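Colleague: Based on the provided sequences and hints, a complete structural model is requested.
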Amino acid sequence: DDPELTCRREDRPGRDPLRVVVDSKARTPPTARVLRSSATASCVVAVTPHAPRERVEALRATGADVWVVSAGRDGRVDLVELAGRLAQTGVVSVLLEGGPTLLAGALSCGLVDALLIFYAPKVIGGVEAAGIIGGEGVANLDDAGGWRFRRVEMVGDDLLVELWRCSQD
Numbered sequence: 008d009d010p011e012l013t014c015r016r017e018d019r020p021g022r023d024p025l026r027v028v029v030d031s032k033a034r035t036p037p038t039a040r041v042l043r044s045s046a047t048a049s050c051v052v053a054v055t056p057h058a059p060r061e062r063v064e065a066l067r068a069t070g071a072d073v074w075v076v077s078a079g080r081d082g083r084v085d086l087v088e089l090a091g092r093l094a095q096t097g098v099v100s101v102l103l104e105g106g107p108t109l110l111a112g113a114l115s116c117g118l119v120d121a122l123l124i125f126y127a128p129k130v131i132g133g134v135e136a137a138g139i140i141g142g143e144g145v146a147n148l149d150d151a152g153g154w155r156f157r158r159v160e161m162v163g164d165d166l167l168v169e170l171w172r173c174s175q176d
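Note that the sequence shown covers residues 8 to 176 in this note's numbering.
Since the hints were made in silico from the structure, they are not lab data. As the structure is a computational prediction, the values presented were derived from the model and not from experiment. All clues given are correct.
Result set (DMTMM-like, lysine to aspartate or glutamate): computed pairs, CA atoms no more than 25 angstroms apart in a straight line:
hint	residue 1	residue 2
1	LYS32	ASP85
2	LYS129	ASP164
3	LYS32	GLU11
Modeller: In structure tokens form, the structure reads like this:
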């Protein structure tokens, strides 16, 4: 996957969002589309102080804004600190498109108010297959609550399930 993270809707053109790449060790290649696209919005790459200097400089050379953010206990970018820095720049909402580790981190920090989960009509899996949410999970089903269905609908051939935290209106 090599996303641009841009707005490409033909039916309703929109402005490109601020693209934020959470990359604790600065592993994003300088040739990544998110760094090389002709998007109108800038790109921030959030790294930890432990990211190799040469990789950080290679990211800066692409024109990306590299933010050095404290590492959490797990050694990854502290997502609460990153959210605070984004808020200081005027960002009031974030669409998180990432893997199971990033989603688990954001959920465990209480940064997620809504989940929009798309299911494609494909059956994959296996013992080694990653789920949509990584991390430790919950030991007790009672700890997994706090969400309610907001919307379920077909979007093309895919199924969209929208969940909101119970505290959301």
